[in-house]
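The lines below spell out each chain.
2 protein chains.
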Amino acid sequence: MSYVRSFGASRVPVGEVSKPLLGGKGAGLATMSRLGLPVPPGFTITTDASGYFMLNDGAWPSGLKEEVAAAVSSLEAASGKTFGDVNDPLLVSVRSGAAVSMPGMMDTVLNLGLNRDTAAALAKASGDPRFAWDSYRRFVQMYGDIVLGIHYTQFARAEEAFVDGRTVEDLDAAELQELSRNLEKVVADAGRAFPADPHEQLHHAIDAVFSSYNSHRARYYRKTNNIPDDAGTAVNIQAMVFGNHGQSSGTGVAFTRNPKNGAPGLFGEWLRNAQGEDVVAGTRTPNRIGSDGSGATLEEVMPEQHAELVRVSALLEEHFTDMQDIEFTIESGTLYLLQTRTGKRSASAAVRIAVDLANAGSIDIDTALGRIQPEELELVMRPVINPDAKRKVIAKGLDASPGAACGRVVFHSSDVQEYFERDEPTVLVRLDTSPEDIQGMTVAQGVLTSRGGQTSHAAVVARGMGKPCVVGCTEIQVDYGRQLFYAGDTVVRKGDWITIDGGTGDVMEGKVEMLAPDTEQGAMTELLEWADKKARLEVRANADNGADATRARELGAVGIGLCRTEHMFFQPDALRAMRRMILAEDPHARQRALTDILPVQRAMFIEIFEAMADLPVTIRLLDPPLHEFLPSREDDIAEVAQDLGVRTDALRNRIEQLEEANPMLGHRGVRVGITSPEVYRMQVRAIFEAACEVSKRGIVVLPEVMIPLVALPAELERTREEATEVAEAVLVEFDVRLKYTIGTMIEIPRAALLAEQVAKHADFFSFGTNDLTQLTYGFSRDDMNKFFPDYQRLGLLPDSPLSVFDIEGVGQLVKLGTEGGKRGNPRLKVGICGEHGGDPTGVRFFHKTGLDYVSCSPYRVPVARLAAAHAALGI
Amino acid sequence: MSYVRSFGASRVPVGEVSKPLLGGKGAGLATMSRLGLPVPPGFTITTDASGYFMLNDGAWPSGLKEEVAAAVSSLEAASGKTFGDVNDPLLVSVRSGAAVSMPGMMDTVLNLGLNRDTAAALAKASGDPRFAWDSYRRFVQMYGDIVLGIHYTQFARAEEAFVDGRTVEDLDAAELQELSRNLEKVVADAGRAFPADPHEQLHHAIDAVFSSYNSHRARYYRKTNNIPDDAGTAVNIQAMVFGNHGQSSGTGVAFTRNPKNGAPGLFGEWLRNAQGEDVVAGTRTPNRIGSDGSGATLEEVMPEQHAELVRVSALLEEHFTDMQDIEFTIESGTLYLLQTRTGKRSASAAVRIAVDLANAGSIDIDTALGRIQPEELELVMRPVINPDAKRKVIAKGLDASPGAACGRVVFHSSDVQEYFERDEPTVLVRLDTSPEDIQGMTVAQGVLTSRGGQTSHAAVVARGMGKPCVVGCTEIQVDYGRQLFYAGDTVVRKGDWITIDGGTGDVMEGKVEMLAPDTEQGAMTELLEWADKKARLEVRANADNGADATRARELGAVGIGLCRTEHMFFQPDALRAMRRMILAEDPHARQRALTDILPVQRAMFIEIFEAMADLPVTIRLLDPPLHEFLPSREDDIAEVAQDLGVRTDALRNRIEQLEEANPMLGHRGVRVGITSPEVYRMQVRAIFEAACEVSKRGIVVLPEVMIPLVALPAELERTREEATEVAEAVLVEFDVRLKYTIGTMIEIPRAALLAEQVAKHADFFSFGTNDLTQLTYGFSRDDMNKFFPDYQRLGLLPDSPLSVFDIEGVGQLVKLGTEGGKRGNPRLKVGICGEHGGDPTGVRFFHKTGLDYVSCSPYRVPVARLAAAHAALGI
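Residue numbers (my numbering), protein chains in the order written: chain G, 13 to 887; chain F, 13 to 887.
In case anyone wonders, no lab produced these hints; they're calculated from the structure. Careful: at least some of the hints might be erroneous.
Since the list can't tell identical chains apart, any single copy or any two copies may satisfy a pair.
[To be verified] Below, in silico cross-link-like pairs of lysine-lysine (DSS-like), each with a Cα-Cα straight-line distance of 30 Å or less:
| hint | residue 1 | residue 2 |
| --- | --- | --- |
| 1 | Lys-827 | Lys-860 |
| 2 | Lys-772 | Lys-235 |
| 3 | Lys-827 | Lys-545 |
| 4 | Lys-772 | Lys-860 |
| 5 | Lys-827 | Lys-772 |
Same shape as in the complex, but just chain G (with noise of 0.2 Å):
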């Protein structure tokens, strides 16, 4: 068995390029051999090695010392240098590389070889004393820090003594050379010896890359990044190249396309006479790699280097069909390269590059759909922080609703009207939002909230909305009263300018850089249209008016798998009537309550026909218990008692008498439309009437009447029989014939455990997995703030099941109801209208149950589609 691969010589065999055993960084170098591309020769020690050494306590493997010894022979002659030579002697980088990218983890030593004659020979041969010696004082502190473990600080303790209120930049090679002499004393304080043998310290340099690989820090992002701890990891081995090594020399980065937004030509940054280290320290200003006009760029310095590049990177792209993050660097004129991997890139160049390779036919549409994570889709319509923004985090809180928000702090929706006039952006700031602010968060730029988890009232509306959100910052405490709130020692006033980041739950101080959503959202067009026609599951959106229905139906819904009714009752003059008939003491009053509703409703349900044409509405009745419509503040009683012209104390009476001690498990839903059926039959009259009269204009309608919180068979009969009476009867008043269905939300345990006897009152079946969760768990949403952050840190529960659908729990009710229910009714439609709709953990769960359709948020149906592509794919 051999645990040594070479690279970077002609001569050198290629090997199978193995990513698990070479690692990413030795795959990288092993292809770009392998393609005869200019790489530095070197080789690979492969994970297996690593792994030996974990398990036998630091021990190599049998026949690894003579490997290594072969390979450095075989590097000497490829490169024609000599470990230890006092003439041009080998120097080499020692890298650790995981097969799984482990970015800062893990740790590195350069100039390996170097001592006190290979250093005075590399100045010699290198003409730049100053370099040779500056090279190996780093050398010696890095190794001594790195391979024998002594602590930086008494490196940098000697030097400071040094230099002496000076920098180590201000001294000359002869200082540098005395410098890096008081670091070897370090070295000897320390009771460690400072091996001059270039092979003795290329032994050491492997083991502490190898022994990196236990360190806590890399053992705790492996664990936190599910990254199994006997993957190992490979050391690679490599001759150095110089990039300061004079003015034909130079340094850099590249992509093959840009990063930012997809668009195709190479992108990156360069330094003339620079070192790797010089771009990353950021102390030069690097220059860009395309022509700009600048005289500076790598393409108008070395434009032959340049061409090779742009060569090599087509290449490289090519063989790797996928966008290329490239190190390289120039010595002396000839072009090295050092790196290749995958590049990293925004949400938007990913959806870009991923069509833009699948129409070039360099990938095929399925794998170009799998590039994408369904997630990434939203940041593509939202602002982002530009990632190389400053910003100061005050708080954080939990991501209710991505993108980026910036504007100034108000806290109540009055304010945010009144900036709106003056053209003031505005984040609304609240210790949780109600029914009443939704005014003020439609004209906000984002929302903070102090309380409430991903499925609050603030978390919910916003995600509807598409608005950037952050709920449950229990970080910050806000004070109504004054007019301010306080984040540890900040203290942020209205008017003051905040940011916040719905994807990460960041609040931050003042105005940080944004990037704008790519408007031009044309490669995301095309890659929905191919996943809708890989996908099984429909997508539909949850919208309640006309304007977010035809926002849904422009992301791609193709139907409204919620249209909630209640928002439809807020309606001030609807609120009005509702309350009068909730007051109602006689049922004729009660009627001429609901007589004044049903054109509001009726109204706004042929708003939403309108717009979905063709397409099948789902409309939920009434849900919400009858005391969400009251007031409860002590001044808007006497108020809408006023209003209304009852006496305060009756109104105080009546709402005393709704009171509930759990509304989540009170009276609503269904048990309002058994006990109170002439509120059902008014919304059920108003959506028919809407129908007929959208229907005769030429407009095919498909209402579909969906009853909550059912628990019973015969609660679902029961309603079943009374709308259809009344839809029948419109339907004959306005002489129009209409398809249409009915059928319920299985959102409570035991619908979903007896869904064979509802689905036999059900044309459909919508699972609601808010209450479904909530019920399943015993939790509620408004409540779980009290634990959940405990939950989270303990490691009991990482995500909250009312934002990642829980299929181990709820999921055995979803597959029990789904499969009862056709059991049931073979014809019944199942679908799903929770928060979980747009989930992509969900949709992947829903499709492989046999869900006919998932429904969500207007903003997450691009979400949905590409989800539902990557479930039927088995992405």
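Keeping the supplied structure of chain G fixed, place chain F upon it in accordance with the hints.
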């Protein structure tokens, strides 16, 4: 096919006695004939005939007419009398008799065969013209009403006009004869012919009986009692015998044993020279059957006939192997039996009779166990309303805890105490109860609340105490301020007497006579010992203190299945410390407060462990949310703040902080155990310190620690580890070894769904079916009264699933949970400790599902023991 079966004549062939075919009455008559007992001859038209009649618009099946004619001839032969004979006419009764008794629902015609001529003959033959003409008058009226369908008020008007201020009883024979002519005229005026021909009379009377089976009230009765419509009714035609045929005649009703307490020996009443009607009408006071020295008993007046009745009774009881209810008539010294049926009896009597019959070898033990409905056993231990007592029901609520209670109305616990000290019984009347009312509930005779359901605080606590209780009595309006309640027009003030029946939900004005419970419960004890031998399910009790545990053990519980610890926190000292803990601002203050609670809990555990020596005791760690321990009323807050030495503001803030939108789904149970682990640690320490102390005294202690409200396997894993750590530490400190187990409540749907994983961390499961039912239905017991009455009225949900276990829905979760649990841990013990542990429907299901035990209120233990035997016997 023959539709007619004769009886009562020795020459009649004995056919099969089939109750569905002959009806109850007919089967009794046939059986008595078969046994050679003195039954007036007659014949039964089988239920088949009425079936044909109903399906064929009132036509008789072919052959029936001829069969009836033949049977009448036989009857004439057997009785020696002839229809229409002017010397000694045959008179018959025509009675319906369905297979399942429908008391008062169907019609009877007596004295059929009378007309002007035969009445005159009867006058002569009987030597009692008044009797004869009175019989004729009654017959015209009865026949006119029932057979001819003339409203009885028309006869009443004619009668009124005739008597002219007198009563019918004042009329002599001639006047009665004249009256009968007037009544004949009523028939003629109604356009109907009164048939003189007895054969014709009979034909129409049979038609009338057939038709009465289809009357509105009979159909309604069948519907509400689940009797199939096609069962049909038999018709019994029987020669009349007359108990009013002079001093050697009489009539009566006898039970073969005492129906009130089951004591052996004939028990009943009779009237000399009277007809059955007279006994029913109550115009004369009947005398006893057995000698009581009054000289009026049957034994004293007619010793021979009495001896015959005793002999016959014994025969009938032996034949039917159960206590019989017999109707008899003595005509001129000859005893005739008119009916025998299984006698109704009190619960106590039922138990005693079943046990006595089994001990006498007349039935086997399985049959004896099957004769008693489990629910009856609870009544054996409680006072009940005397069925004969007069009462005025002023309202009806839910039957929350059986037994009757009578006392003065009080509205506050403190008043209960005051009356108690004056030795005055009370009924505590509240809107609803809270833990503060427990003291008062303990002392009051019974509890009545206007709110709440079967598992409201009042209901649960009262059942636990074995105290009569009516809850959810929405028909009363309680006014605490004025210390009174309204029930319709009635105003009941503090100090007024009321009686409540917790077995029916009735609320009655004043003192209603009650039957004391049978204090000598030897028969029940014997029956339950038999039951235990048959049952597989063990029965434990829910008990929170030593006294309840002792009572539970007396009632046969073989362990405590649920010891709730929250009541222990409500002990005054503990409550104060608990509040200090909740308000503590640092961990030390928190720990100090917990240290003060520990000894209170330990003392209570010691009591329980002592009471349950050798038996397992399952102790549930703290379940309710912390806010339940803080005051809610504004003046209580001020008082508590002062008591604890904190600022009222600070206390109010903390209360607000702990407030929850849906406390049932809130921060409680294991969630508190996770976020405040010190609370559970203190409780586990108290349990094991108590266990060690008791164990050191040589008493075997078997503690089982139960973690409530688990939804995630990880919750149990973590709390189990902590509990084990504390338990082991205490055992080491005390140097005691004892067996203990740690398990969990399964009361969250997800825990049932993930039972396999949960069971890996559990020694036992105990289904908490209260919460499990609420979550499965999405109902809250505190709120469901807002819609449940409508659901009941509309027939959507006949019983609250909180009272009667929901096998269809919740049962699926119990099954999944049990199966999954035993897969995850084959040695898992599985029980149930919700309210349904004592519900026989539930018990049958839990047996079938393979549970190991049920646990219920101490007073339900006998019920559950018998139900467990029934389940095992498949009864």
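So, going through the hints one by one against the coordinates:
Taking the shortest Cα distances, Lys-827 and Lys-860 sit within 30 Å of each other both inside one copy (10 Å) and across copies (25 Å). Taking the closest pair of Cα atoms, Lys-772 and Lys-235 come within 30 Å of each other only across two copies (24 Å); inside a single copy the shortest separation is 49 Å, beyond that limit. Taking CA atoms no more than 30 Å apart as the test, Lys-827 paired with Lys-545 passes inside one copy only; the shortest distance there is 25 Å, against 42 Å between copies. In this assembly of identical chains, Lys-772 and Lys-860 lie within 30 Å of each other by CA distance both inside one copy and across copies; the values are 24 Å within and 28 Å between.
Within a single copy, Lys-827 and Lys-772 get their C-alpha atoms as close as 18 Å, and across copies as close as 24 Å, so both meet the 30 Å cut-off.
The structure meets every hint from the earlier list without exception.
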